[in-house]
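Protein chains: 2
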Amino acid sequence: MRIVLDVMGGDLSPHELIKGGVVAARRLSVDLLFVGDPAVVRSALSSVRVPVGGKFDILPSSQVVEMDDSPVRAVREKKDSSLVVGLEAVRNGDADGFVSPGNTGAIVAAALLTLGRCARIPRPGILAALPTLSGPDLLVIDVGANADSTADQLESFAMMGATYARDVLGLRDPVVGLLNIGTEETKGNRLAVETHARLARGPLTFHGNVEPHSLLVDRPVDVVVCDGFVGNVFLKAVEGGISAVTSLLKKSITRDAVATLGALLLRRAFSNVREVLSYQRRGGAPLLGVQGTVVIAHGRSDAEAIASAIDVARREIAAGLVERISTGMQGWPADGG
Amino acid sequence: MRIVLDVMGGDLSPHELIKGGVVAARRLSVDLLFVGDPAVVRSALSSVRVPVGGKFDILPSSQVVEMDDSPVRAVREKKDSSLVVGLEAVRNGDADGFVSPGNTGAIVAAALLTLGRCARIPRPGILAALPTLSGPDLLVIDVGANADSTADQLESFAMMGATYARDVLGLRDPVVGLLNIGTEETKGNRLAVETHARLARGPLTFHGNVEPHSLLVDRPVDVVVCDGFVGNVFLKAVEGGISAVTSLLKKSITRDAVATLGALLLRRAFSNVREVLSYQRRGGAPLLGVQGTVVIAHGRSDAEAIASAIDVARREIAAGLVERISTGMQGWPADGG
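Protein sequences, first through last, are from chains A and B.
For the first sequence, position 51 matches number 44 in my numbering, and the numbering has no gaps at all.
For the second sequence, position 337 matches number 330 in my numbering, and the numbering has no gaps at all.
Simulated from the structure, these hints should not be mistaken for laboratory data.
Some clues are possibly wrong.
As the list makes no split between identical chains, a pair holds if one copy fits it or if it spans any two.
[Unchecked claim] Result set (SDA-like, lysine to any residue): computed pairs, CA atoms no more than 25 Å apart in a straight line:
1) Lys180 - Met60
2) Lys48 - Ser207
3) Lys180 - Val65
4) Lys72 - Ser22
5) Lys243 - Pro31
6) Lys72 - Ser40
7) Lys180 - Pro213
8) Lys72 - Leu105
9) Lys244 - Ser127
10) Lys180 - Ala193
11) Lys243 - Arg194
12) Lys243 - Glu9
13) Lys243 - Arg212
14) Lys72 - Ile51
15) Lys244 - Ser264
16) Lys180 - Pro44
17) Lys48 - Ala144
18) Lys244 - Asp130
19) Lys243 - Gln56
20) Lys243 - Ala190
21) Lys180 - Arg84
22) Lys180 - Leu106
23) Lys243 - Val41
24) Lys243 - Leu126
Computed from a predicted structure; not experimentally measured.
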C-alpha cells in the first residue's frame, strides 16, 4: 500500500511532515510517496538518514497552494502544485491514498476536480473523530467541506459516516444522531426538520436529535450528522470550552503556592485530560464521498499527528471504504456491504 | 420599579423561585409581583415569613405552560397561564418587566403576541452573556429565539446587542463580530457572507468574523452575532467542552490517592473555574426586540440564579433599553442615543 504525503502544505516545515511519513512507514506497513520540491524532500530525508527508494519515493512538483489561497482559483492555476500532482497520483493508480495538512477548501476543490464524486453522493463531507469519555470516538460529519447544505446531502453524510463506523471502525450497527438544538422532531431549523424526517424513514439506525452539550460525556450515538457550517462551529466551540477551563485552571494555579503543589500532584490527571481530549493533535479527518482516499491533517500537525493521519488513510484503504460508499444505501442494513 | 416573576414555569418548585424573588427584592430596589397559583405563592411566602403587600404582591393565574408544550398552541390555548397573564401586566403598565424560567419558545411566542415587536425590528433575539477570561462578559445574540434567520434579522440582532452593550453595560463603543468558520469575509455560508457585507457598511463598529474557539479566552469583541440555531449550538458546545474536561478530571482524580490530595489543594482553583465559567447558573437571557423587558431564566434556576435574572431585568429597565432599541440605528454612532 502506498500513500502520497503532501509535504508542501500546512503551517509546519516539510522536514516535520517528512519525519511523520518516516515514522508512519516504520510503524505501519505502508510505503510513502512524498510530493513536493525534490531538493527539499531529499535534504529532509538525508537529515533523518533515510535513503530514497524502497519504502520512500519522491514525486516532484514545483508549486505550492498556500493556506490563504482562494481554493478554486488555486486548484485551477497551480496545476503543478503538490496538492494537484499528489491527487493525480491517486487518480492514476500510482498511489492508494493522499494525506495533506494543507488548505482544507483547496483540498476539497482539488479532490472533487481530480478524483470526482462517488456515484449517488451529491457532495463530499469531512468526518472528524472526537474523543469521548465513554467508549470509542464520536464521528461527526460534515465539519466543513460545505458551507451550505441540503437535507439530501445530510442524508448522504449520514450514510457515509455510518459506513465508516461499520467498515473502518468495525461497529456492527452504527447509530446515527442529528445535531440539533432540541430533542423533539419538530425542533431546529428547516434543514434539521427535513433531515430528521428523511433519516427517520431509514434504512440507517436513527436515534433522533442529539444536543451538543452531552455528546462528549454520554456519547449517545456513534455518528453525528450536521451541515458543515454548524459542524465546524460545534468542533471549534468544544475546543473553546476546553481551552477556557484549562487556561483558567492554569491562571488560578500559578497565583497560589498551595494550588501549585496540588497541580503537581494532579499532573497525571491533567496529562490524561490533554491526551484524551486533544483531538486536534491526533489523526486526520477523512474527506468522504470522492473517488479516492483523502485525509486532511491539521495545519499545525507535528510528525506524530502526521503519522496518525497516515494511519487513518491506511485503515480506510484497507477497509475498501471508497468502494463501500459507492455501493451506497444498498449496503444497508448493517450486515450488508 | 416592579417586576413580574412567573413562579409556575421551569423545572424547579415555585418555592425556590419565590425565594429568588425575595432575595432580589431585599438586595435591589425592586418590588415583586408573583404570577401564579395564589395559594401556592401565599404558602411559599409564609414559609419564608414574608407578608403579602408592600414590596410583594400576587397576580393570580390558573394555568401553566409546561416545558414540553408546543409554544404557539400553548400561548393561544392557555390564556390564563402565568406566562400570558404576567406579560399582560407588563403590556398594561402594571409592571415594568417580566422574568420567567419557563419554556423558551413559549416565552418568545407569548411576548410577540402580547407585547409586539419594536419598530423596525424584524424578529426578536435572545442575548446570552458568557463569562470570559479577559474582561467583561461576551454578549451573544441570537441564541435561540429563531431557528431560521435572514441577514436583515442578523443585522438587527447586531444593533440590539450593541445597544445593550452601550446602554446597559456602559461600553463606549461596542465592537461587533460575526460568528463564522473563518476570518476572511468570503468565508461561511450564504447567510454569513451576506451579513458580513451588511455589517461592513456600518454604522456599528464591526471587527469582522470571529471563530468559536478563542472567544472565551481572548474575547476579541464585545458582541457576537449569529443565527439562533448556530448560537444555540455554540453555547451548548462550549458547555459540552467544559463539562468534558471537568468530568474527566473528576474521574482521573477519584482513581488515585495522590491525585485526590492534589485536588483537595486545588479546591479553590476548581471552585474559581466553576464560578467564572458556569454561565448557566448565572443571570438570565434578555429577549430583545419586543416592546417590554422580558428576561428568560434557566429552567433549572435556583433562588440565586433567579435573583440574578431579576437584576438583569432591573438593569435593562433602568437603562430604558426598550426605548433605545426602538430608536434603532438612528442612535448610532456610539455617542448618540
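Hint-by-hint comparison with the structure:
1. Lys180 - Met60: Result: close only across copies, 13 Å inter versus 37 Å intra.
2. Lys48 - Ser207: neither (44 Å within a copy, 41 Å between copies)
3. Lys180 - Val65: Classified as between; 13 Å across copies, 36 Å inside a copy.
4. Lys72 - Ser22: Classified as neither: same-chain Cα gap 31 Å, cross-chain 71 Å, threshold 25 Å.
5. Lys243 - Pro31: Neither, since 44 Å and 50 Å both go past 25 Å.
6. Lys72 - Ser40: Neither way: Lys72 and Ser40 sit 29 Å apart in one copy and 79 Å across, limit 25 Å.
7. Lys180 - Pro213: Result: close within a single copy only, 18 Å intra versus 32 Å inter.
8. Lys72 - Leu105: Within one copy, since 14 Å is at most 25 Å while 56 Å is not.
9. Lys244 - Ser127: Between. Shortest inter-copy distance 11 Å satisfies the 25 Å Cα cut-off; intra-copy 29 Å does not.
10. Lys180 - Ala193: Within one copy only: 14 Å inside, 32 Å across.
11. Lys243 - Arg194: neither (48 Å within a copy, 40 Å between copies)
12. Lys243 - Glu9: neither (29 Å within a copy, 35 Å between copies)
13. Lys243 - Arg212: between (28 Å within a copy, 18 Å between copies)
14. Lys72 - Ile51: within (18 Å within a copy, 75 Å between copies)
15. Lys244 - Ser264: Answer is both; intra-copy 17 Å and inter-copy 13 Å each pass.
16. Lys180 - Pro44: neither (59 Å within a copy, 42 Å between copies)
17. Lys48 - Ala144: The answer is neither: 44 Å in one copy and 54 Å across copies each exceed 25 Å.
18. Lys244 - Asp130: between (30 Å within a copy, 18 Å between copies)
19. Lys243 - Gln56: For Lys243 and Gln56, the Cα distance exceeds 25 Å both inside one copy (42 Å) and across copies (49 Å).
20. Lys243 - Ala190: Close neither inside one copy (46 Å) nor across copies (39 Å); limit 25 Å.
21. Lys180 - Arg84: Neither, since 42 Å and 29 Å both go past 25 Å.
22. Lys180 - Leu106: Between. Shortest inter-copy distance 21 Å satisfies the 25 Å Cα cut-off; intra-copy 37 Å does not.
23. Lys243 - Val41: Close neither inside one copy (36 Å) nor across copies (42 Å); limit 25 Å.
24. Lys243 - Leu126: Result: close both inside a copy and across copies, 22 Å intra and 11 Å inter.
Consistency note: the structure conflicts with the earlier hints numbered 2, 4, 5, 6, 11, 12, 16, 17, 19, 20, 21, 23.
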